[in-house]
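Can you make the complete structure from the sequences, with help from the hints?
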Amino acid sequence: MTDEIAAQYQGGSGRRSGGRSRGQSLALLAFCEVAALALWFSASAVVPSLIVEYDLSPARASMMTSAVQIGFVAGTLASALFSLADRLDLRRFFMFSTLVAALANGLLLTVAPTSDVVIVLRFITGICMAGIYPVGMKMAVSWAREDMGLLIGLLVGALTLGSAAPHLFNAFGGVDWHFTILTASALALAAAVLINFVQLGPKIAAAPPFTPGAILQAFRRPALRWANLGYLGHMWELYAMWAWLVVFLDASFRLVMAAEAAAWWSRLTTFTAMGVGGAIGCLLGGLIADRYGRTLLTMGAMTASGLCALLIGFCLVPRRCCWGFWRPFGGSRWSLTRRNFQPLSRNWPRLNLSEPC
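In short: position in the sequence shown from 1, add 25, done, that's the working numbering.
Please keep in mind that the hints were generated in silico from the structure rather than gathered at the bench.
Treat the hints with care, since some could be wrong.
[Unchecked claim] Okay, the calculated beta carbon distance ranges per label pair:
#1 Leu-321 / Leu-128: 18 to 26 Å
#2 Phe-244 / Leu-321: 36 to 44 Å
#3 Trp-251 / Met-282: 19 to 27 Å
#4 Ala-248 / Leu-335: 40 to 48 Å
#5 Thr-139 / Glu-285: 17 to 25 Å
#6 Thr-135 / Ser-87: 42 to 50 Å
#7 Phe-197 / Asp-172: 31 to 39 Å
#8 Val-281 / Leu-254: 34 to 42 Å
Ideal Cβ positions, reconstructed from N, Cα and C, are used throughout, including at glycine.
Here's what the structure looks like:
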């Protein structure tokens, strides 16, 4: 696959023969990521509605979100173990993963939200996310020049916007939670088709075969070990915010306004903080990181994010929106920081292994 791509790529013009330009390919890839990743939190976005309509227990509501994360961990480990991103055409891998995830998400409409089948379907969706987000990252960096930070920011920005999209669907879809699930699945199906039109860049390269020792090496190298542990802490805070923000805001807004208005404002505020604020933060973080360095930027962003978390209860919406900005602002730098702390020959397998953090 690598030789074929290199042969098709001509010089440094940024355009492949018979293909799309670098900018067009990256823009289409970003759209596909946004559309496909709407599946990640599609069920979490409707949890407040399900709690009211079906008296969903806190434990089951938690499992609807946790099952996706557990599935993602299983999927990334399996992808690294079998080197799927190197054995398969990246676009076909992305397409197949998106199709299965869209099907699993759509099947939520056929079962009761209180059924155990929902947990299984969310787990399957999580597994498939391993063939979407990390694979999209590899496709994006194949176009990297001196702007690796910006490309990482673009993809993580697409992740945040796509993950937040179900809250926007939910806000304008009325009281029927089925609309959110259906819209997310439809967008994912569109992404599965359009990803086939994305061209790969000249810097695509197969990583060496997976070896179990790579896991230990990732923790033997002090710089990489600390980066991975930092990434673990970042993910813990990030997904706690993303998963429970809408529930937290809905309960808070109901104290000061009518239930219907509280539901609408909590959904819209969640999308604004998580999606819009996060996407802007990722892009700005990428631009700044390429120019001024990544490690210090990540440290500063994580400090600001932590302060927002501490102060959130004293000034609800403004600091929540700032938190949504700073979380991915520094978070998108973690992937690049970890990449810098390991040999290039081992970048992809270890990055894939560290995604379960």
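Evaluated hints:
no. : hint                          : in the structure
1   : Leu-321 / Leu-128: 18 to 26 Å : 44 Å, violated
2   : Phe-244 / Leu-321: 36 to 44 Å : 23 Å, violated
3   : Trp-251 / Met-282: 19 to 27 Å : 45 Å, violated
4   : Ala-248 / Leu-335: 40 to 48 Å : 28 Å, violated
5   : Thr-139 / Glu-285: 17 to 25 Å : 24 Å, holds
6   : Thr-135 / Ser-87: 42 to 50 Å  : 23 Å, violated
7   : Phe-197 / Asp-172: 31 to 39 Å : 35 Å, holds
8   : Val-281 / Leu-254: 34 to 42 Å : 40 Å, holds
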